[in-house]
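Model the full assembly from the supplied sequences, consistent with the hints where possible.
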Amino acid sequence: MEELVATRDAFGEILLKLGEENKNLVVLTADLAESTRVKKFAEKFPERFFNMGIAEQNMMGVAAGLARCGKTVIATTFAIFASGRAWEQVRYSISHSYLNVKIVATHGGISVGEDGSSHQGTEDISLMRTIPGMKVIVPADGVETKKAIQAAIKVKGPVYIRLGRAKTPVIFKEDYPFQIGRGYIIRKGKDVSIFTCGIMLSQALKAEEKLKEEGISAEVINISTLKPLDEKIIIESAHSTGAVVTAEEHQIIGGLGSAVAETLGENYPVPLERIGIKDKFGESGKPEELFEKYQLTANDIYKAAKKAIGRKDEKK
Amino acid sequence: MDRINFLKEKANLLRQDVIRMLAVATSGHPGGSLSSADILACLYFNELRHNPEDPEWEDRDRFILSKGHACPLLYSALARSGYFPPEELQTLRKINSRLQGHPDCKKTPGVEICTGSLGQGISVAVGMALAGKIDKKRYRVYVLLGDGEIEEGEVWEAAMSASHYKLDNLCAILDNNSLQIDGPIKEVMNPEPIIEKWRAFGWNTVEVNGHDIPQILHTFKKAKEVKGKPTIIIAHTIKGKGVSFMENVVEFHGKAPTKQEAQIALTQLKEESKKWKN
Ligand SMILES: Cc1ncc(C[n+]2csc(CCOP(=O)(O)OP(=O)(O)O)c2C)c(N)n1
Ligand SMILES: [Mg+2]
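Note that the protein sequences, when read in sequence, are chains R and H.
With our numbering, letter number 91 in the first sequence gets 149, and the count goes up by one each step, no holes.
With our numbering, letter number 214 in the second sequence gets 234, and the count goes up by one each step, no holes.
What the hints contain is simulated information worked out from the structure, not anything from laboratory work.
Positions of the beta carbon are idealized from the N, C-alpha and C atoms, including for glycine.
Taking beta-carbon pairs under 10 Å as the criterion, some of the chain R residues facing chain H (in silico):
no., residue
1, V84
2, L86
3, E105
4, M110
5, G111
6, L124
7, Q147
8, S155
9, Y156
Take a look, some chain H residues computed to stay more than 12 Å from chain R by CB distance:
no., residue
10, N25
11, N66
12, L68
13, D74
14, E108
15, N116
16, R118
17, G203
18, K206
19, P211
20, K249
21, F265
22, E267
23, K290
Okay, here's the thing in structure tokens:
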């Protein structure tokens with residue numbers, strides 16, 4: 059059986075360790091201490107934890123003020139509220155001043171499930187990616203989450219880290235060399251490139267196996283940093299395979315698919331198929347059911363890969 | 021010169037700077053800059069512990085201009101305190117200038133945080149006051165709000181959080197000039213009763229005449245003695261104060277004086293300053 063860990067749980071765990079090591083770390087939440095998994099930090103370091111109540115805009119401003127006084131701040135809430143409700147505070151109070159605020163947003167994507175569309179952050183990557191200087195990271199599993207949080211604390215300036223609610227497969231081993239701004243080749247291949255972020259990596263790996271059975275060799279690359287984007291790895295892979303699929307648990311407008319399209323459009327256009335939510339709001343349901351309905355499964359990636367490969371002739 | 025006259029003189033100088041800057045820039049916000057001039061003079065030339073030679077001094081008092089559009093006034097106070105040469109004031113709003121249309125802490129020494137999007141500055145001030153508490157520092161945090169600005173929901177989120185965390189190192193000043201862009205605050209979106217609202221949010225409230233320097237100084241002093249809650253000073257002011265044709269005139273919220281108007285304004289201000297000079 060594969061091991062399952064929710065990225066938010068991994069965050070809660072690493073946060074305790076970081077709280078120990080880094081006395082400068084201050085954590086904020088907006089009445090979501092349990093859901094965002096900062097509660098253990100709150101219990102262990104009450105003098106460095108502040109619940110700001112259901113007031114996300116103020117929380118982001120307070121985070122900026124703390125950071126301007128030298129603190130490294132982790133501000134947590136759900137992805138939709140961090141990126142939507144408080145977008146302008148993130149843009150102006152935090153990012154315009156390039157402050158050390160790390161926004162850790164849980165409940166990213168449609169895998170939030172039963173709570174439905176109001177709680178599914180499906181535009182957050184797009185909203186955060188457009189802010190100058192903002193780094194955007196979407197870890198694929200628990201291991202990468204821990205590494206991403208540690209790296210985010212070390213790097214200067216604002217960072218947005220998107221985590222999920224649901225338990226998802228652990229893919230990486232401890233020795234995985236995570237670096238902000240670097241993509242990572244999980245499977246080498248020559249017929250098609252599949253770029254993913256977040257929990258879509260596990261779907262892509264299943265698609266890769268299915269393609270392999272048919273003799274199609276897919277390259278699977280984890281693009282956990284959406285910004286700054288690892289353009290080099292994307293262009294090189296597109297160059298060697300000639301067909302690209304992107305897969306994300308986000309609107310196809312403005313997320314990974316857009317980022318990859320921007321890069322390839324300017325540098326090396328090849329047939330591109332984007333898997334993502336197709337300009338629709340989510341709804342209630344089990345994560346698996348929603349993945350089926352919104353066409354985010356391994357099978358959808360598989361089909362998109364074949365379509366992209368079939369389009370290679372277009373160029374000629 | 022005694023302290024009061026010294027501060028009156030400073031406030032007058034700040035007002036003159038504002039007029040000169042806006043006339044050169046041909047845009048900007050005179051009304052709300054002029055209404056806050058006496059308050060800023062008291063802060064920068066009396067109240068704040070700061071060091072223009074070391075703008076990032078850890079233990080400095082912080083001042084946040086939450087009503088960021090009044091930044092010509094802030095720039096003048098900073099320049100006249102020695103953060104940068106007063107000649108630079110003439111570059112306001114020009115391309116490549118350090119003096120942006122709204123305050124930018126990445127560009128201007130002495131500016132604590134980027135403001136201009138109303139409602140945001142007070143949250144940042146709360147964060148700074150909170151940091152002061154965590155680090156057991158003695159610095160105080162001052163934040164200046166507009167009376168139209170408090171229509172923003174974020175202001176009240178911030179107000180709630182400041183009293184919740186007992187931030188007695190935080191002192192807000194409300195420039196209660198009764199006007200906003202589209203007209204009198206009472207007509208556009210009435211925030212009254214203002215004092216009762218802040219009191220209900222757990223703040224210590226004080227009212228002053230925002231152009232009476234001895235009163236302002238006294239209130240700042242008193243605010244420091246209040247323990248366990250933040251203080252807000254409701255400063256009753258006149259928008260456009262000091263320039264007859266701008267006083268209480270809605271249009272001068274965001275309209276620069278013409279060259280001619282600036283001349284008249286400067287003459288009036290210089291005339292005014294004779295009152296305490298002799
Ligand atoms: C969030 C936001 N909305 C709108 C504006 C545009 N704006 C600039 S000043 C202003 C009126 C401010 O009135 P007030 O707070 O009373 O300021 P003062 O009278 O002191 O100039 C408005 C609406 C803004 N800067 N920020
Ligand atoms: Mg006003």
